[in-house]
Amino acid sequence: MNVARAASPPGAALPGAIRRILDCYEGESAATRRNLVRLLSHGRLGGSGRLLILPVDQGVEHGPARSFAINPAAYDPHYHFQLAIDAGFSAFAAPLGILSAGTDTFAGQIPTILKLNAANSLAVAHDQAVVAGVDDAVRLDCAAVGFTLYPGSDAFVDQAEELRLVARDARAAGLPLLVWSYPRGGMLSKTGETALDVVAYAAHLAVEMGAHIVKVKLPSEHIEQEAARDVYAGGNWSDPAVRVRHVVEAAFAGRRLVLFSGGASRDTQSLLGDARAIREGGGSGSIVGRNSFQRPRADALAMLGEIVRIYAAANSTRSTPATRN
Amino acid sequence: MNVARAASPPGAALPGAIRRILDCYEGESAATRRNLVRLLSHGRLGGSGRLLILPVDQGVEHGPARSFAINPAAYDPHYHFQLAIDAGFSAFAAPLGILSAGTDTFAGQIPTILKLNAANSLAVAHDQAVVAGVDDAVRLDCAAVGFTLYPGSDAFVDQAEELRLVARDARAAGLPLLVWSYPRGGMLSKTGETALDVVAYAAHLAVEMGAHIVKVKLPSEHIEQEAARDVYAGGNWSDPAVRVRHVVEAAFAGRRLVLFSGGASRDTQSLLGDARAIREGGGSGSIVGRNSFQRPRADALAMLGEIVRIYAAANSTRSTPATRN
Amino acid sequence: MNVARAASPPGAALPGAIRRILDCYEGESAATRRNLVRLLSHGRLGGSGRLLILPVDQGVEHGPARSFAINPAAYDPHYHFQLAIDAGFSAFAAPLGILSAGTDTFAGQIPTILKLNAANSLAVAHDQAVVAGVDDAVRLDCAAVGFTLYPGSDAFVDQAEELRLVARDARAAGLPLLVWSYPRGGMLSKTGETALDVVAYAAHLAVEMGAHIVKVKLPSEHIEQEAARDVYAGGNWSDPAVRVRHVVEAAFAGRRLVLFSGGASRDTQSLLGDARAIREGGGSGSIVGRNSFQRPRADALAMLGEIVRIYAAANSTRSTPATRN
Amino acid sequence: MNVARAASPPGAALPGAIRRILDCYEGESAATRRNLVRLLSHGRLGGSGRLLILPVDQGVEHGPARSFAINPAAYDPHYHFQLAIDAGFSAFAAPLGILSAGTDTFAGQIPTILKLNAANSLAVAHDQAVVAGVDDAVRLDCAAVGFTLYPGSDAFVDQAEELRLVARDARAAGLPLLVWSYPRGGMLSKTGETALDVVAYAAHLAVEMGAHIVKVKLPSEHIEQEAARDVYAGGNWSDPAVRVRHVVEAAFAGRRLVLFSGGASRDTQSLLGDARAIREGGGSGSIVGRNSFQRPRADALAMLGEIVRIYAAANSTRSTPATRN
Amino acid sequence: MNVARAASPPGAALPGAIRRILDCYEGESAATRRNLVRLLSHGRLGGSGRLLILPVDQGVEHGPARSFAINPAAYDPHYHFQLAIDAGFSAFAAPLGILSAGTDTFAGQIPTILKLNAANSLAVAHDQAVVAGVDDAVRLDCAAVGFTLYPGSDAFVDQAEELRLVARDARAAGLPLLVWSYPRGGMLSKTGETALDVVAYAAHLAVEMGAHIVKVKLPSEHIEQEAARDVYAGGNWSDPAVRVRHVVEAAFAGRRLVLFSGGASRDTQSLLGDARAIREGGGSGSIVGRNSFQRPRADALAMLGEIVRIYAAANSTRSTPATRN
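As they're listed, the protein sequences go chains A, B, C, D and E. Those letters in the first sequence? Residues 3 to 327, by this note's numbering. Those letters in the second sequence? Residues 3 to 327, by this note's numbering. Those letters in the third sequence? Residues 3 to 327, by this note's numbering. Those letters in the fourth sequence? Residues 3 to 327, by this note's numbering. Those letters in the fifth sequence? Residues 3 to 327, by this note's numbering.
These aren't lab readings, by the way, just hints derived from the structure by calculation.
The list cannot tell twin chains apart, which means a pair is met if one copy fits it or any two copies do.
Here are the simulated DMTMM-like cross-link-like pairs (lysine to aspartate or glutamate), alpha carbons at most 25 Å apart as the crow flies:
| # | residue 1 | residue 2 |
| --- | --- | --- |
| 1 | K219 | E308 |
| 2 | K192 | E228 |
| 3 | K219 | E282 |
| 4 | K192 | D129 |
| 5 | K219 | E163 |
| 6 | K192 | D269 |
| 7 | K192 | D232 |
| 8 | K219 | D160 |
Using the sequences and the hints given, assemble the complete structure.
Next up, the structure:
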C-alpha cells in the first residue's frame, strides 16, 4: 500500500471514519480488510471515509476515438495513471490491458481496481464478457476487483453465477469486490434504468450477492415498477440527497460503501451539485471518468479539486451504522 | 451450537421428539445429524420436534422498498438477527449478503441457514441464480443450506442438476439441505401452483432429490392435474389439516420434516389458523417472513408468541414414523 | 451381498447359468462381475440366470398420489424394501430419496439399484434430470446404477454424453450399469415408441453405449421406421416370444441381460402371459413396479409367486452365447 | 501387437513403405509411431503401406435389423472380430459395446480402433454424441481412436472442440487419431456431400485439426462451392484415380494416410474398381463395412481377397512425400 | 531461438529498437519477453523493431484448392516453412496440422506461431472453433500463439471468454499472444468491417484484452458507427499512413505491436504501397499470406525482398512510446 499521500502516517491508529466502516464488514479476512483500508487511505480523501475513483473503461465500452480523440494524450494508458495520482484519486479502475501497460512504471503509486468483465458498443447483445480474472488482479497488485451486473437483463442469471465464482476467488485472494450495478433490458424502459426504485433494487442485489462496494447511477425521481408504486407514494423524492439516502438504506442501511456516478459528460456545476447531494445523502463518494479525462488536464485537476473540497467539508448529517458514534 | 435456549440442558439425553426424527434420517453422517439437532434444539420450540424459521429473502425477491419501507428498521440486517433471537425462532434463513453482515455480531446466538439461489422481480425469466455455495455456508457457520426448486418450470432440469451438486457438497460438509419447492411455469395455471396435488408432488420431488427438510405453501383444495383428478375424487379435502397431512404423507409418510408458509401478508387470526392446521396435520412447523418483519417489532413478537404456544400445545394425533412410540 | 436366499450356498461354485452369463461380460473388473453375481444370486430366482426387479420411481414420474393413494402404505419407502425382500425379488431399484430412507434398516437384506436420472410429469420437456451420482450409489451400498435414455428425443445427445460419464464412474466403482431405454420424441409416433424395430434399436443403442443390463418395454408388432420396413417384411412377428427373441438378438445376440416390462397396471393373466413370452423368447426377466405395489400386499405376493414359478420352469429353448453348453 | 501375420518378422527392420510413412509423422511420440506401425504391419496388407479396415458401426447408425438381419450371424460381435482376423484386415473399428464384447476372446489377434462418437437414425439432429473416451480405448488395448466430423453442419464448432480434447488425450496415450470427415448440413446439397471440392476440403480440415489418418467417401466429379468453381475449371476430373490423387494432395500432399469408402452396398466389380482407383490415385486403402458383413462369410472372404490382391499389386505411380525414394 | 539470421550476434546487447519495444511490455515474465525478442530478432527485419509474418491458414479458411491449386507445390506444408526461411520472414503462423508436419525438419530454423482457433467456409456460422491449445504450442516450440476475434459478432462474448483462458495459459507458458481482430456480423455492414472507426476499435479491444501483438486489416476512409461520426468529422483521413497512425494510437498510443494486412491477392505495387503506408504511419509490419504463396516462388521472393527494403529504410517519423528517445 502506498500510504505516502494517506491522511494518517504509517503505524498510526486508523482514522475513526475508516474504523467505523471496517466494523461493518463482518466476517472478512484480514487481507480483505487491509485492502479496504488501502483504498480508504489513499489520495486527498484518504482517511475521510469517502472514495473518489477514476474509471477508464470507456475505450472498451464506446471505442477509443469516442473516448480519447477529444484529448489525444488520453490514448496512452500512462496518462490516466498520472492523472489519478496527481488529482489525488483514491484509486484507478480499468480493464486488463490498461492496468498492464503501467504496472511497472506506476507500481506502488496508486491503488488499482481491475475490471473483470466488459461490454462494447460493436456488439448487439446486452452482455459482458468476463475477460480477466482475480489471478490477473493479484499479479497486477490491485487493491480490489470490479464486476458489472445488469439486473433485469436476460444475461443476469449467467452474470450472477459468474459473479459468485469471482467473489469466491476474490475472497481467497483478500480482494474487495466492487460491483457496478446497472439495470437494463427485460421489462425495464430506458427511463426505468435510473428510476429510484430500480436503482435502489440494483444496489440491494449487489450487496446481497456479496459486493463490498457498489456503484450505481444517481437515481431520478421516476418510479418504474408498478408493484413498487404504492410504497413510494406520498414520499417527497425531489431532493437528490434524499434519493441518495434511500439507495444507501437499500444497501444494508449504510453497512456497505455506495458510490455514485453521473453518467455522460456534463458541466462542472452539475458535477459539483451531484457531489454535494451524494455527501448530504450519506453516499460514500463518486466515480468520475469521462468528466475527468475528456477535458484538458488542467481543467480536470481544477474540477476534481473542487469535488475533493466538497467531500472534505464537515460531515453530513447522515446516521447509518458506519457513521454512528 | 447455541443451546442456551434449548429445551434440554447440554449433556442431557436428546428429547424423544428429536430422537424419533433423527431415526428417520438413515445413512446420514454424524455432522448432518448434529446440525439437525442444532436446528431442532434452538429457540422456544427447541426439543418439541417442531421448527419456526424466519426467512429474509424478500429484499432480493421483491426489492428493498417493497420489503422494508413499511418498517424501515428492517433495512438493517441486524434487525432480523435480533428479531429471530428475541422471538425464539429455531433459525434465521437469508442470502449471502445479509448473513455476512451479522456474522460477527451474532455469532453463536441463532442457527442460520444460507439460501444459495435467488430470483428477483426485475428479471423476466422463471429462474434462480445460484449466488452462494456450501463453502460460504461453512465459512458463516450455518446450520443448513437452502435451495429453491421450481417444479414444472423450464428451468427445472437445470435446477435439479445444480441441486445435485449442492447436495453433494452439503453432505460432505455435514449440512442438512432445506428445499423450498415452489411449483410454477410450464403447464401450471396460477391457481395450480398451490393446488393440493401439485404441492404434494412438489414435496415428494424435493425429498426424492435428497432434501432433509422441505418447505411448501399451504395447499388449496384445487386439483390441477387432469391425470390426478380420479385419485383425489371422493376424498374430503376441505379441512386444511387434512391437506397438510396429505402433503406430509407425500414426503415419505412423515420421514422428512415438512414446513409450510402462508405466503403474502395476512391478518394474525389467519396466521394462527394456519399454524393450528399445520400442527394438527402433522406438519413440522412454519416459516414466517413478511408477517414477522413487516409489522412493528412489538406486534411481531406478540404474534410469534401465539404461534409458539399453538405448536407447544399437546401433540397432534398424527401417526407417522417420526411420531410413533 | 446377502446370499441367504441364494440358490447356492456361499463358497460353492457358481451355478452354471451365472457362469455362462459372466463369460459374456468380457473385460469387466472383478468388482463389476461380483456385483452382477450379487444381482443374479439373490431372491427366489437366484442362480437361475433370470432377474426379477422391483422399480419404484413412479412417485417421481407421476406424482405420489397417482402412485400410492390406491395402497397408502406404499407412501412409506420402507413398504417397498419389505415387499422386495418378502416377494423374493432379485433387487430393488429406486431414486436417491427412497433408497436413502431405508439404507440403515434394510442394510444387507436386498440388493439395491440407484436410479440416477428422473423425469416428472409436471415438466413439459422430454428430458431427465441427473439427480444422483455413482458416489451416492457407493455410499448406499448399491449393487448397480440405473440410467434412463430417450432414443429419438432431442435430449438424446446430451443424455448419451451424461451416460458416458456415469459409465466411467460406475466402471471405476465396480457397479454394473442398467439402462432403461425408452424411445420417444423426435420423429417417433406414440405407437412407434413400442414398435418392434424401435425397441430392438433402443436395446442395441444401450448395449453399444456400455449398458450391462438393458430394460425395454415389450414390443408390439408395429414397424415404425420406413427404412426398416423391408427388413421386417415376410417375418411372422405375431408371437410375443418371437419379438422378445428379436430384441435379445439386437442386444449382441444374447451377450447382454435384457429385461422387459409391460407398462401400466394390468390384470394378472396378462402379466403371467408376458412372463411366459419373455422366458420363451430368451429374455432375462421382468421389471414389475406398479403391478406390484398398486395392489394389496397379499395379492402382490401371490401374483409375484406365479411369475417366479414361470421363470423357474424348465429352461427355454433359446440358444444364445449365454445359454449354450 | 500381433505380428504373426505381418509381412516382416519381429525384430526385422521396418519395411521401407512403413518407414517412409513414419517419416511424415513429425513430432509424434514413440508410442503413437509404434501404434501406426501396429496398424501398418497387421494383416494381408501388412508392410505394404496400405490399410484395409473393417468398420462396424452400422448397428448404431442404422439400427440392428437393417444392419444384420440379412446375415443374422452378424448380430454377434464375435462374428466381426473373426471376420476381420480371417480376411486379413489391418484393423477392426467399432463402438464401445462391440469392442468390449470381444476384448478377452480376441485379445492380441487384431488391432482395434475405438469409435468415440456416434449418430443414430432415430434422432433428428445432425450431431454425434461422444459416447466413449480415450481411457476406454486404452483399457481395451486399441491401436487407435476414431472420431466423426461433420464439416458444414451446425454442430461442427462443437465437434471441433470435442475433437481437440480427444486429440489431446490420444496424444498423451500414444494413440493415433482416425477422423471420419463427412460433410453435411448447412449450405451443402445432398449431392454436395461427395463433391470433389467438398471432399478435398473435408480431408484438409481433418489433417489441419491433427488427424493422423483421415477417412472420406470417394468423391464425385461434382463441384459444389460457387467460390471454388474457377479453380477446378479446365481440369479433367472424370478419372476417379485423378480425384483420389486430388484429395490426397489436399491432405498435406501425401503426408497423411487417406482412406476411402464407397458407401452403401454395391456389387463386387464396383468395389474392385474403387480399390484400383484408390491404389492408382495414391490413396492409402479402403474401409469396407456393409459390403463385408452383409453378404455370406464365404462371399465376403473371396471379395476381400480380391481387394487385397489389387492393393498388393505393383506400387502405383504416385509421388508424394510418403512414396518418394 | 535461431539467431543465425538476426541483425545482432548472440550475446550482443539488444538493438535499441527492440529494447524500446520491450520497455512497453510492463509486467511480463522473462519468458514472454524472450519470445518477443525471438520474433523481433529473426529474419531480414531482425533488430529493426518491425515484423514480417507469413500466415498460412487459408487452407482451413477457404479450402485447399482455392488456396493452393494455383501453386501446387504449396499443398505441402514444407513449402511454406522453406519459403518463410528463405524470404527472411520474422515468423511463420499456421494451424496445428501444418506446424506439426514440419516440426522435426525445420526445428530451430524459423520462429513459429500456432493459430489456436479457425473458421472455415463450409460453415454457416460466424464463429471460430478452438482447435488447438497453448500446450500444443509449447510442444511444437512455438514463439507465440495466435487467436482470432470477431468484434461485433454474436460469437464475441464466447470468443472473449475463450481468449481469457488462452491468455492465462500463454502467460504461464511465456508465450506472447497475437490477436487477429476482425470485426464482422451484428450491426456491421460489409463495408464497415474495414471502416476506420471499426478497425481502430477492434485494435483497441484486442489490446485491452491482453494481446501483445494485434493484427488488423488496413482501414478504409469509411466511418461506420453513427455515434462515432462527429469524432472523426473534420479530420483528413485520405492518406493511408494517417489511418495507420490512428489505429496505432488506438492500440495504447504505440505501446503494442500492430500488424496490418491487405487481404486478398493484389498486384505488387499495391502491396508495396501498403508497406510504405504502414511504415510511415508507425505500424509494426505486415502479414503477407496469399500474396506470398499464391505466386511462383521466385516472384514471391522478389516481392518480399522489396517489402523488406521498404521497412528497412530510414525510420519513420512516428513518435510513440516505442519510438521515442
